Amino acid sequence: MAKRPSVYPYVWRLPLLIWQGLFFIGPLCLMVAMSFWLVRNYRMEPDFVFKNWDRMLSRGFFWDAYWVTFLRATLAATLASLLAFPASFALAFRTSETVRRWAIFFLIVPFFTSYLVRIYAWQVLLAGNGPLNAILGLVGLGPFTMLSTGFGAMVGYMTLVLPLVVILQTFSLAAIDRNLIEAARNLGANPRATLFQVIIPAAKVGLIIGFIFAFILTFGEFVSPFYLGGSNPPTLSILIVDTTKSGQQWPRAAVVAVIMIVTLFLAAFAAVAAAYRRRS
Amino acid sequence: MSHSKPHLTRRSLLTGAAGLALSAPMLGRAWAQEPTPINMLAWYGHAEPDMVAEFEAENNVKFVPKYYAGGDNMLALIAQSPPGTYDVILSDAEFVQQLNAAGYIEEMDASLFPFDDFWPEYQNFPGHWTGDQLWSVMVRFGLLGVSYNTDALSAKEAMSYNAFWNPKVTGKVGHFDWHLPSLGQLSLLNGNRAPSPFDISEDMWDALQEKTLSLKPQVGGYFDYGGTFSSLKNADMLAMCGIGDWITGVLQKDGAPVASVIPEEGGIQWTESYSIGKGSTKQEIVTKFIQYMLSPKGQVKSIQMAAYPGLSPTKSGWKAIQEANPAEAERSGLIDGHDQSPLKLLAEQRLFFRDIPRQQTLEDWNDFWSEYKTA
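Protein chains in written order, with our numbering: chain P, 1 to 280; chain G, 1 to 375.
Treat the hints as calculated values from the structure; they're not laboratory data.
Treat the hints with caution; some may be incorrect.
Residues on chain P that point at chain G, a partial pick, calculated with CB under 8 Å [said to hold, decoys possible]:
| hint | residue |
| --- | --- |
| 1 | Y42 |
| 2 | R43 |
| 3 | G60 |
| 4 | A65 |
| 5 | Q123 |
| 6 | G130 |
| 7 | N133 |
| 8 | G137 |
| 9 | L147 |
| 10 | G150 |
| 11 | F151 |
| 12 | Y227 |
| 13 | S231 |
| 14 | N232 |
| 15 | L239 |
| 16 | D242 |
The list that follows gives simulated cross-link-like pairs (lysine-lysine, DSS-like), each with its CA atoms no further than 25 Å apart [what the hints assert, rightly or not]:
| hint | chain 1 | residue 1 | chain 2 | residue 2 |
| --- | --- | --- | --- | --- |
| 17 | P | K245 | G | K278 |
| 18 | G | K282 | G | K66 |
| 19 | P | K245 | G | K288 |
| 20 | G | K211 | G | K156 |
| 21 | P | K245 | G | K282 |
Small disclaimer: the values here were computed from a predicted structure and weren't measured.
Backbone N, C-alpha and C fix where the C-beta goes; we use that ideal spot for every residue, glycine too.
Model the full assembly from the supplied sequences, consistent with the hints where possible.
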């Protein structure tokens, strides 16, 4: 007699499906549909026209903003991964369990405060007549223009993603089987070879996940490029705000948002594929 | 079991009377009528206590503000609300025609407002009247010119929009992030004065785009209201295009070394006007409020509004600020014959009302603005 399938696991999966349906799939479908609507007299009206797509994709400023956003997010993710690695390595291999636990705690603490407040704090610190320039002035440097620059925006991006990347990398490195490292050393691998041929490949999944998280978060970021980067040049998130501000063109903003989501999906799939690709 | 017999002593009588006296205001408050809510749609600051507290107390009303940022935003908020949602609407003058065309505002009775007290230049403000029908009443205005850091540029250097190309401010020129004021100013620099910097042919529009793009290497950023304040205050930006005393006036009060002038090429005037929302059931009290804002007392408040200062279109408003705060009257040029007096600037044809593009669409200007930002 065939065993009756249990409904038990499906019941437990249901909340997740409902959640994703209500707060991800539903709004996503609405946004895609909205990109085909029209605005008449400052009111959105359901329609099915390609005018918004044609208008946005044929404009040079859209593609300029797209590549600025893409390159900045790539740079931020790379920078965060590189800056985080020495700290993560030290936490994973050179500290006790207690120290690592406390370090993780202190890396989480910044998330308890508003990101916007932290960015405002950076605005004060990076100002032309701010404390950072005052300190640099004491050693005869500066003043440097740090606000309303790409550097300013990058500082904001690092504020957002660096702690997260350190945490992800640390967990990944700490989980490496120490016997592999011992074996590499016993077989005569120097520290450099051990790092590049054993540790990094073993922690590859975590390192790539850290990178892609940083990319995703900075790709859609509005606060840093706006308040620290001076909207100069604007990113896609700033373009969305500009588009909705002028003429209430939410359907055109939806086009920008859909392109952003497609880009992020592709980036995420590429990252997952790279992370789990078997070595030939 | 004992029964205490209540009896009235002098002490208990005094205690009771004192208690009653102390609780009287609470009882009075409970019995008083709840204040009538008045829904206001306006730029930030117009329903704040410095502007409306006195009127609220005198008339037992309470303003419920919905603040917007920009004419498009205002029109969208009205379009998405049922008629009668907003009792009083403060709009930029160039959007009054659109409010009227869309049927969002009530006709007003001109005899109820002191137009005789208005300076003649402002009695028939464009777009506010259709024939004899009045749709909106101008209550304040301001001037947009060259705003600059006085440590970086001299007043003489700031007397032309070419100041934005001055090497002393390379990388430190900011824009208020709205195309109309900035492009209007640069249109004036290109000599587009008649009929208006906003009424330009396609050739002039091409030349304006070219001129604007040539400013890009000087530009340090594009800022919203808060960002404009902080970047000027911190000296991160040394010159700002698209603003005027409505920003630098507030910063000057904080001691920041900034100023605004109307340059030789001329300035742009922003204008704010009150209309009565279509379907409002509180037209009488709203009319009274607009009358209050046009009174000398209301105009003094408006000139010194905490959020951003404005100028008065009425003769009595000028007189009142000269008496109440002579320094402010001098600073804002609300004195006959003053160098930066708006009436003098109008007479010299150095002042132009901000408008929407007349020969191009708002979309054209906005698209170019996006292109300029990413250039």
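Hints, one by one, checked against the model:
1. Y42: Given a least distance of 4 Å, the restraint on P:Y42 holds.
2. R43: Holds - the Cβ of P:R43 comes within 8 Å of chain G, reaching about 5 Å at its closest.
3. G60: With Cβ-Cβ at 6 Å, under 8 Å, it holds.
4. A65: holds, 5 Å
5. Q123: Holds: closest Cβ of chain G sits about 7 Å from P:Q123, inside 8 Å.
6. G130: holds, 7 Å
7. N133: violated, 10 Å
8. G137: violated, 14 Å
9. L147: Holds: closest Cβ of chain G sits about 5 Å from P:L147, inside 8 Å.
10. G150: Violated, about 11 Å.
11. F151: At about 13 Å, which exceeds the 8 Å cut-off, the nearest Cβ of chain G leaves the hint on P:F151 violated.
12. Y227: Holds. Min distance 7 Å.
13. S231: At 4 Å from the nearest chain G Cβ, P:S231 passes the 8 Å test, so the hint holds.
14. N232: For P:N232, the interface hint holds, since the closest Cβ of chain G sits about 5 Å away, which is under 8 Å.
15. L239: holds, 7 Å
16. D242: This interface hint holds because 6 Å falls under the 8 Å limit.
17. P:K245 x G:K278: holds, 24 Å
18. G:K282 x G:K66: At roughly 17 Å apart (the allowed maximum being 25 Å), G:K66 and G:K282 satisfy the hint.
19. P:K245 x G:K288: Violated - the C-alpha atoms of G:K288 and P:K245 are around 33 Å apart, more than 25 Å.
20. G:K211 x G:K156: Status holds; Cα separation ~22 Å.
21. P:K245 x G:K282: violated, 30 Å
Going through the hint list in order, the structure does not satisfy hints 7, 8, 10, 11, 19 and 21.
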